[in-house]
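Student: Using the sequences and the hints, build the whole thing.
Residue numbers (UniProt numbering), protein chains in the order written: chain W, 1 to 391; chain P, 1 to 368.
Hints listed in this document are in silico derivations from the structure and should not be mistaken for laboratory results. Heads up, some of the hints might be wrong.
[Unchecked claim] Sample of chain W residues lacking proximity to chain P, with all beta carbon distances greater than 12 Å (derived): (1) L5; (2) P18; (3) Y88; (4) H178; (5) Q219; (6) L317; (7) R349; (8) T380.
[Stated by the list, open to error] Taking lysine-lysine pairs in the BS3-like style, the calculated list, with each CA pair at most 25 Å apart, reads: (9) W:K387 - P:K252; (10) P:K252 - P:K268; (11) P:K252 - W:K382.
Glycine residues also receive a C-beta, built at the ideal position from the N, C-alpha and C atoms.
So the chains spell out like this:
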Amino acid sequence: MESELRERTRRLLAEHDPSDTDRLDFLRARFDAGLAWVHFPVGLGGLGASRPLQAVVDEELAAAGAPDNEPRRIGIGLGMAAPTILRYGTEEQKRRFLRPLWTGEEVWCQLFSEPGAGSDLAALGTRARREGEGWTVDGQKVWTSTAHTARWAILIARTDPDVPKHRGITYFVCDMTHPGVEVRPLRQITGEAEFNEVFLTGVEIPDTHRLGGVGEGWQVAQTTLNNERVAIGGQATPREGGMVGVVAETWRARPELRTPDLHQRLLKAWVEAEVARLTGERLRQQLAVGQPGPEGAAMKLAFARLAQELSGLEVELLGEDGLAYDDWTLRRPELVDFTGREAGYRYLRAKGNSIEGGTSEILRNIVAERVLGLPAEPRTDKDLPWKELPR
Amino acid sequence: MSDLLYSEIEEELRSSLRALLADRCPPAAVLARCESPEPYDPALWRALARELGVTGLQVPEELGGAGASLRETAVVLEELGRAAAPVPFLGSAVLATTALLTACPEDALLPRIAGGERAAALAVPFSTAPDAAFPATVRVDSAGTLNGRVTSVADALPAGLLLVPAIGGQGAALYAVEAGAAGLGIVRRTSLDLTRQLADVTLNGVPARRLAVGGAAEQAVRQALLTGAGLLASEQLGIAEWCLDTTVAYLKERRQFGRALGSFQALKHRLADLWLEVVGARAAARYAADALATGSADAAVGVAVAAAYCGAVAVRAAEECVQLHGGIGMTWEHPAHLYLKRAKADQIALGTPGHHRTLLAELVDLPA
Ligand SMILES: Cc1cc2nc3c(=O)[nH]c(=O)nc-3n(C[C@H](O)[C@H](O)[C@H](O)COP(=O)(O)OP(=O)(O)OC[C@H]3O[C@@H](n4cnc5c(N)ncnc54)[C@H](O)[C@@H]3O)c2cc1C
Numbered sequence: 001m002e003s004e005l006r007e008r009t010r011r012l013l014a015e016h017d018p019s020d021t022d023r024l025d026f027l028r029a030r031f032d033a034g035l036a037w038v039h040f041p042v043g044l045g046g047l048g049a050s051r052p053l054q055a056v057v058d059e060e061l062a063a064a065g066a067p068d069n070e071p072r073r074i075g076i077g078l079g080m081a082a083p084t085i086l087r088y089g090t091e092e093q094k095r096r097f098l099r100p101l102w103t104g105e106e107v108w109c110q111l112f113s114e115p116g117a118g119s120d121l122a123a124l125g126t127r128a129r130r131e132g133e134g135w136t137v138d139g140q141k142v143w144t145s146t147a148h149t150a151r152w153a154i155l156i157a158r159t160d161p162d163v164p165k166h167r168g169i170t171y172f173v174c175d176m177t178h179p180g181v182e183v184r185p186l187r188q189i190t191g192e193a194e195f196n197e198v199f200l201t202g203v204e205i206p207d208t209h210r211l212g213g214v215g216e217g218w219q220v221a222q223t224t225l226n227n228e229r230v231a232i233g234g235q236a237t238p239r240e241g242g243m244v245g246v247v248a249e250t251w252r253a254r255p256e257l258r259t260p261d262l263h264q265r266l267l268k269a270w271v272e273a274e275v276a277r278l279t280g281e282r283l284r285q286q287l288a289v290g291q292p293g294p295e296g297a298a299m300k301l302a303f304a305r306l307a308q309e310l311s312g313l314e315v316e317l318l319g320e321d322g323l324a325y326d327d328w329t330l331r332r333p334e335l336v337d338f339t340g341r342e343a344g345y346r347y348l349r350a351k352g353n354s355i356e357g358g359t360s361e362i363l364r365n366i367v368a369e370r371v372l373g374l375p376a377e378p379r380t381d382k383d384l385p386w387k388e389l390p391r
Numbered sequence: 001m002s003d004l005l006y007s008e009i010e011e012e013l014r015s016s017l018r019a020l021l022a023d024r025c026p027p028a029a030v031l032a033r034c035e036s037p038e039p040y041d042p043a044l045w046r047a048l049a050r051e052l053g054v055t056g057l058q059v060p061e062e063l064g065g066a067g068a069s070l071r072e073t074a075v076v077l078e079e080l081g082r083a084a085a086p087v088p089f090l091g092s093a094v095l096a097t098t099a100l101l102t103a104c105p106e107d108a109l110l111p112r113i114a115g116g117e118r119a120a121a122l123a124v125p126f127s128t129a130p131d132a133a134f135p136a137t138v139r140v141d142s143a144g145t146l147n148g149r150v151t152s153v154a155d156a157l158p159a160g161l162l163l164v165p166a167i168g169g170q171g172a173a174l175y176a177v178e179a180g181a182a183g184l185g186i187v188r189r190t191s192l193d194l195t196r197q198l199a200d201v202t203l204n205g206v207p208a209r210r211l212a213v214g215g216a217a218e219q220a221v222r223q224a225l226l227t228g229a230g231l232l233a234s235e236q237l238g239i240a241e242w243c244l245d246t247t248v249a250y251l252k253e254r255r256q257f258g259r260a261l262g263s264f265q266a267l268k269h270r271l272a273d274l275w276l277e278v279v280g281a282r283a284a285a286r287y288a289a290d291a292l293a294t295g296s297a298d299a300a301v302g303v304a305v306a307a308a309y310c311g312a313v314a315v316r317a318a319e320e321c322v323q324l325h326g327g328i329g330m331t332w333e334h335p336a337h338l339y340l341k342r343a344k345a346d347q348i349a350l351g352t353p354g355h356h357r358t359l360l361a362e363l364v365d366l367p368a
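Tutor: Structure (structure tokens):
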């Protein structure tokens, strides 16, 4: 399979020379050749190959200077919407959504969290009512990253308030260009408005944009949430990839900043980063031989802790320069730009790593209950109809 | 043993200060000011001077001050930290005032600074530790005017007067420079801490009045930095207290999974641990303030302990505050970020905790 993939990749490059092919045309051709995500089915950007073989393709393409689909810009689509559509979507939905999602022509966002439902996502109150052939949605979402650039959203809404909270939820694809969708920037700690408030008023969604069964949205959402954790914590990185590399570079370049105290802390973090990297690598190897381990949940936890430790260390290391900030201007960026900004930004933005996509506290609960098998906290709300829950 | 409690007078001072700050300096007002072209609050500064007389607490009464001790000054810093108040108290009433009182205790400038008519700032980078070498980035030329540059000076923007350490013919010297002086430039930096802005000061042949030379100048700067580092711990305590109180209140009220978040044992233990650290920070900050106030022989140790401990507690409290507020804690609208930014900047100010641990190593004979 590996040599066949190399062969295919070279054929793609021969037929669409990246040096004189339009970027989007190249990406579309790559998708159609099954080289977008090789583990996806044939016809949907893949070849039904094993996931780790993607590295073979990526390596060939990178060597040839081929354009990529800016994976960081379209992270929610790639990491969360795509696996959910693949698993729960109809053939028609898969054909409609996956190609422009992967090429980045259509950006996705995730309309899950609400002011009253964050960690307890299943408590959400945004309502979807049956109306003829489709649904009408009313409610408010919050902390929605990339809502201002998104064409589509994955959305969970309450379709039955009379049953317990986990059972009355349905999962939809929402058209962000619908006039009932209002996106308002919500400025964050860094000065930017990377996330938004989203108000949904009489938003009509055709039933063909439902993913999974009516009332079964919670199970569907589990696929999204599990993939989100892997997407946030799970990318393969080289040694000194990510934040540890940034700090290590500063350390090497500016000997005058060094102190014994910071040296110890840097080395400790360096070891932890390397161990986290190896744990991730081990997890990938387990997946490749069909033995998925529970380490997935640990990766996002480790990633958040390290990013915060290292970015805090970097600000201290810079001393006088750490007292400065690069820019407080209110901007609406398309992506989180860790490396393009300065230490203060990294420090502040990394605070979100332990909140977005499930907080570190919730992940620890998951590890304790699902991995270690410890008993859950007593739950009083599990069997009560949603509408009777105290709020 | 020194007195680690608060006196009745100190508690009275605290309550009137807290009432004033609750009224004039609520978080929403601080946020709004941070985004305005005038990041400091002159009206609040005037109120602190006229209504409470705290701008010159440690200045003797005959020079227009309150003749109080550094213990009271520390209480003021606790409350200003708790409010993340955008006033130049640390720069003026602590750093500059201490330098001036040490170098020339009768100077005619003192009454004006004490009365709050003009704020003053000590022109050294805010990250300078008490044991740093005497600053040498400003030189005195043969005409007696100052030339050079000082970066990241705290509270220089609203200051009417700068105390500038400089190197002249006789070595170290301390000069007074009027804010409007010809050749003086004060340029605002984009600061991590929105509530205490830093500025770069440039001097091109600036006329200045000499306050002290040689050992006296050196001693003035060192004493100011040592006092600043010791009292900054009280500000850090105030920050940590606000963060703990605010988080506890939020977790009592915020419900998820059908119950108050504060009822989850995982969070209870974290807050209990944090409380423990705040208790420790209070003792450390009090000891440093008392040792500085009484001129104790142990002041250097007390300051190093407080600076090493309290800086980390404030940062941790602010980080916990952001984390435990969840998504709201990551927004600009919620004041938690003001405290996180101040706590992180304070951690670097006047020597990092790591630096103070190194100083301590020497003081208590635990060499590396
Ligand atoms: C930068 C950023 C980007 C985001 N992007 C998106 C997005 O694109 N789309 C979207 O839908 N959402 C998004 N979110 C929202 C995010 O998923 C929620 O903020 C998160 O799930 C926490 O919910 P909450 O804010 O309501 O906090 P709460 O649930 O109120 O939690 C408050 C605190 O209590 C803790 N806690 C809660 N329950 C427990 C428990 N049982 N045991 C112990 N501790 C507990 C939490 O960990 C947290 O520290 C984003 C958030 C951030 C910060």
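Student: So, for every hint listed, does it hold in this structure?
Tutor: Okay, the hints, checked on the actual structure:
no.: 1; hint: L5; in the structure: holds, 41 Å
no.: 2; hint: P18; in the structure: holds, 39 Å
no.: 3; hint: Y88; in the structure: holds, 26 Å
no.: 4; hint: H178; in the structure: holds, 24 Å
no.: 5; hint: Q219; in the structure: holds, 19 Å
no.: 6; hint: L317; in the structure: violated, 9 Å
no.: 7; hint: R349; in the structure: violated, 9 Å
no.: 8; hint: T380; in the structure: violated, 5 Å
no.: 9; hint: W:K387 - P:K252; in the structure: holds, 23 Å
no.: 10; hint: P:K252 - P:K268; in the structure: holds, 11 Å
no.: 11; hint: P:K252 - W:K382; in the structure: holds, 21 Å
In the structure shown, a violation is registered for the earlier hints numbered 6, 7 and 8, in ascending order.
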